[in-house]
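Chains L and V supply the protein sequences, listed in that same order.
Residue numbering for the first sequence follows our numbering, starting at 1 and increasing by one per position.
Residue numbering for the second sequence follows our numbering, starting at 1 and increasing by one per position.
Just a few of them, taken from the derived set where beta-carbon distance is under 7 Å, the chain L residues facing chain V:
| # | residue |
| --- | --- |
| 1 | GLY26 |
| 2 | ALA41 |
| 3 | VAL54 |
| 4 | LEU96 |
| 5 | SER98 |
| 6 | VAL129 |
Rough simulated footprint, nothing fancy, chain V against chain L, three-plus residues with beta-carbon under 8 Å:
| # | region |
| --- | --- |
| 7 | 107-118 |
| 8 | 137-149 |
Heads up, simulated DSSO-like pairs for lysine-lysine below, C-alpha to C-alpha not over 27 Å straight-line:
| # | chain 1 | residue 1 | chain 2 | residue 2 |
| --- | --- | --- | --- | --- |
| 9 | V | LYS2 | V | LYS64 |
| 10 | L | LYS64 | L | LYS255 |
| 11 | L | LYS2 | V | LYS64 |
| 12 | L | LYS255 | L | LYS314 |
| 13 | V | LYS2 | L | LYS64 |
| 14 | L | LYS314 | L | LYS162 |
Honestly, the hints are just simulated from the structure, not real lab data.
A virtual CB, placed ideally from N, CA and C, is assigned to each residue, including glycine.
One letter stands for each residue in the lines below.
There are 2 protein chains.
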Amino acid sequence: MKVSQLGEFGLIDLLANLIEKGGKKGEAWSNLVIGIGDDAAVWRCQSGTQIATVDALVQDVHFKLGGISWEDLGWKSLAINVSDIAAMGGVPKYALVSLAVPDTTESEDIVSMYRGMLDLAGRHGIAIVGGNVSRAPLVAISITLLGEEGPSGNLLRRSAAKPGDKVAVTGHLGGAAAGLRVLTQGLTAEGFSFKQSFARPVPRVNEGLLLVENGVRAAIDLSDGLVSDIGHVCRASSLGARINVDDLPLAQGLKESYPDYATEWGLSGGEDYELLFTAPSRIVRAVGVALDCPVTVVGEMIMDPNSRVVLVDKAGNPFSLRQRGWDHFTRENHGA
Amino acid sequence: MKVSQLGEFGLIDLLANLIEKGGKKGEAWSNLVIGIGDDAAVWRCQSGTQIATVDALVQDVHFKLGGISWEDLGWKSLAINVSDIAAMGGVPKYALVSLAVPDTTESEDIVSMYRGMLDLAGRHGIAIVGGNVSRAPLVAISITLLGEEGPSGNLLRRSAAKPGDKVAVTGHLGGAAAGLRVLTQGLTAEGFSFKQSFARPVPRVNEGLLLVENGVRAAIDLSDGLVSDIGHVCRASSLGARINVDDLPLAQGLKESYPDYATEWGLSGGEDYELLFTAPSRIVRAVGVALDCPVTVVGEMIMDPNSRVVLVDKAGNPFSLRQRGWDHFTRENHGA
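Bound conformation, chain L alone (with noise of 0.2 Å):
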């Protein structure tokens, strides 16, 4: 079967399948806290926890070189990683650049790159330890980050989700989505912000961390959109969840600039890479006060052993998505 049938999830559980039949034997794999499927692996050494990830950056997949620049293809290219370091409440540390780029590029365009990504390093103290160049038809950048766990010694795990928990989010959605068209049709004035919501999104590493000292437990970040990334959550916690598409909390100007599209951004847009996080009531008011940026209340877990995300409109009535997130492979509806 080929992986545009399979898609990038169904082809990601096969995998992690096959590595668990492989019987993992060995010290390293009984150090092992969390594998495969959450924003980031965990596991133990004598210190305390070590969490890493990996995420990448592809020509012509996620960015157009001459849409967003050589800069902030370097801040976005760490981000995304700092940004699932931030959903498992830890702090990043140190990053591994993998470097694939056509010979005809300019070094002067790869520094532009490297700093953006110092840039964004420099202000969460990350050190760029090591990295590896390698020639490729196309720009790609695979960036490993290694993180440790927040001094509460607890993280945030997509598994981690209760039934009756309400469904918050930090910030503002949308705004990326937006920012991908504004690149694609031209930026204007008005398009600034959304561009930026783009090309440099801010991980909320503090808020991560927040999260866990008020006693949040479950989170996950925005990446492929909020109803694909409160998909992963159900299916891990083995609920379902309720998404209120009123409750949204769209980036400024949005619903302004772009009526049509402005919800269904805001749900499947990706690429916001707020943090998504579910809690109690107490608790996520406790958050709210504790975060400086805005924590909205967009749905709930609900009990249901098929994982389903429902979507309803203020008045109760179901709400239709025409696109549901992003696969890699599929490009068409997946998630709940």
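Please arrange chain V on chain L, whose structure you already have, making use of the hints.
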């Protein structure tokens, strides 16, 4: 300047300088023991030291589909990283796989690739803890491997060579280059062991640990080719090296099968993934007894502020090499 003019190692130097100038502030940077410029990065944690490396295989640059089998590709993509940990004298532990494939790829082929990877992982107790899958117009596999120091608590560094040290290598050389030729020209019965050298390199983990235990402090793995790789040791140690080309332990049958290429391939063919190390004679002799594989002295480290690699034949005459080793961008002479 285009990276084709700057070259792979020029680009790496440029980026390392950029990172250096970035200020390197914070706890992560202060815990860093070895950054860019060795086989792997090393940092201190409370439990000892963490070793990390990343290396990639890109279709039509490192391999051709239809040439190497998917299972061998999986093995090799992990082996080249295990070899980097071995070259530090470390123990490989945790791997993260960043995979890019066209959406027309058969999932069975990806499963075969993972089987090859898991075969090698199982032999070393390596846990494959996570990864990322992305669509791309070609196949690229980038693996990050984390390891730990061995029981002795010492490491092998490119920068630790001393004047007068003998230069020695494990195993045999040139087999992988012959294997690539065999795969290009069609496999014959005599070519099988060369093909294996190219497609299923066996990383020298145990040998790396025994080198450390026996007092060796300087090593590198032979990925780019002996002349290029000893050049890295020379620059890192601010020394030169003299290599006796008639002393190379060429792969069995190489001279008979490819008389015109055997010595060249031993010097610059690359991808043999043997260990090259430098040490005083008595330590090299002890290593020769301790290791199960052949250990061959091929030259010695000499004082040279310009870090040149000098090639001589057994009569002491200079030997001229057509191609010095692998550079991703220039694809021409480089190194010494």
